[in-house]
Amino acid sequence: MEAVFLAMVLMLSIFLGFELISKVPATLHTPLMSGANAISGITIVGALISAGGESGAMSSYLGAAAVMFAMINVAGGYLVTNRMLSMFKKKDTNQPGGNS
Amino acid sequence: MNPVIINLWYVVAAALFIFGLKQLGSPATAVRGNVLSSLAMVIAIAVTLFNKEILTFELIVIAAVIGAVIGAIAAQKVEMTSMPEMVALFNGSGGIASLMVGWAALYNVGNTTFTDVTVLLSIVIGGMTFSGSILAWGKLSEVMTSAAVVFGAQRIVNAGILVGLVVCSVLFCMDPAVDSPYLYAVIALSLLFGVMAVLPIGGADMPVVISLLNSYSGLAACAAGFAINNNILIVAGSMVGAAGIILTNIMCKAMNRSLGHVLFSGFGAVKQATKVEGEVSRLSPRMLS
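Taken in order, these protein sequences are the chains called G and A. All residue numbers for the first sequence refer to this note's numbering, where the first residue is 1 and numbers rise by one. All residue numbers for the second sequence refer to this note's numbering, where the first residue is 1001 and numbers rise by one.
Keep in mind that a hint or two might mislead.
Claimed, not checked - Derived coverage of chain G by chain A (criterion: at least 3 residues anywhere in the stretch with Cβ under 8 Å from a Cβ of chain A; other residues may be distant):
id, stretch
1, 32–38
2, 69–81
Claimed, not checked - Pairs of lysine-lysine residues, derived as DSSO-like cross-links and limited to a Cα-Cα distance of at most 27 Å, are as follows:
id, chain 1, residue 1, chain 2, residue 2
3, A, Lys1253, A, Lys1052
4, G, Lys23, A, Lys1022
5, A, Lys1253, G, Lys23
Calculated from the structure, these hints are not laboratory results. Keep in mind the model is a prediction, meaning the values are calculated, not measured. Built from N, CA and C at the ideal position, the CB exists for glycine as well.
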């Protein structure tokens, strides 16, 4: 039953993801890609549980390495997206008519 | 903390991820969207630390600090013109993280065959995301040739890798042990497959490929979520997976190409690819509007 419930969650989230993105202006393609990439760093949640768990040393080390890599993804992803967007904003204030 | 309360916080985080991703798609709200999404990530990480299964924190703190410092420095240092490469590298590190989360889940007791299959999925998708992203980075930053690399038996080699992946996965599921040679074979083959998939694509198409790999890293996180029975991984991972596919499609259309054309143009099957292009452009406005 648990698996069926999770499959339902999966199906709904996929449809949600399809519907969320539509008619993105070309200037936002790279920031949006980077922002979505940062969200995929959510795997850090699983890494934390493995790293702190008691399933043996190997599991902890794998988890810790995963925490490090996922943290690079999360921290770097959000900061880079923010940098890109701040550039974009400056451009917009220079040309007030240009934000379509 | 009670697992129910943790999961309720995950619901809050999922809602914030949804708002964040939605707002990132429009110029007026993009900055706020990124802040909301990062807030969701902070909530998800903070609440997870209260999970009763986490007993020791030394490794976590050390690994998280190292990762955060590397990520922050890389994000500050990178030139504005080389952003796509940077995103590729971050994406690759997310992929290898999912691979490791899946691998570590094998050490849990009481795994079912369903768990083993999801572990293998997270290893395969995470592995090919990692090696593919590294290769995409190499092509964009011109560490290696940015031209499409094609050799004669490429299709046969790729088919061989795929067959090998399936065979090793089945053999592993029949006798799932953490030191099974088939596990290492699956890891090696998935890394090889990521390289082979990106190799025949030219440097100019790399942004589209990175967007597709970004979608894969979401799917890898989703598979890892199934392996450890975690809701927020499944929701956020599959959402990114689906949004990434749509974004890839939008980017292809902006370049007046089809995804099939981008992925297989290196094989010289131009006639077939243009056929695909016509079909896609007729269908997609109806689907997207």
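Quiz item: Going straight from one Cα to the other, do Lys1253/A and Lys1052/A come out at no more than 27 Å?
Solution: Roughly 47 Å between the alpha carbons, so the hint for Lys1253/A and Lys1052/A is violated.
Quiz item: For the stretch 69–81 of chain G, do at least 3 residues have a Cβ located nearer than 8 Å to some Cβ of chain A?
Solution: Per the Cβ count (13), the hint holds.
Quiz item: Between Lys1253/A and Lys23/G, does the CA-CA distance stay at or below 27 Å?
Solution: holds, 11 Å
Self-check item: Verdict on chain A covering the stretch 32–38 of chain G, criterion of 3 CB contacts below 8 Å
Solution: It holds, with 7 qualifying residues against the three required.
Quiz item: Within a Cα-Cα threshold of 27 Å, do Lys23/G and Lys1022/A meet the stated pairing?
Solution: OK: Lys23/G and Lys1022/A at ~11 Å, within 27 Å.
Checked against the numbered hints given earlier, this structure breaks only hint 3.
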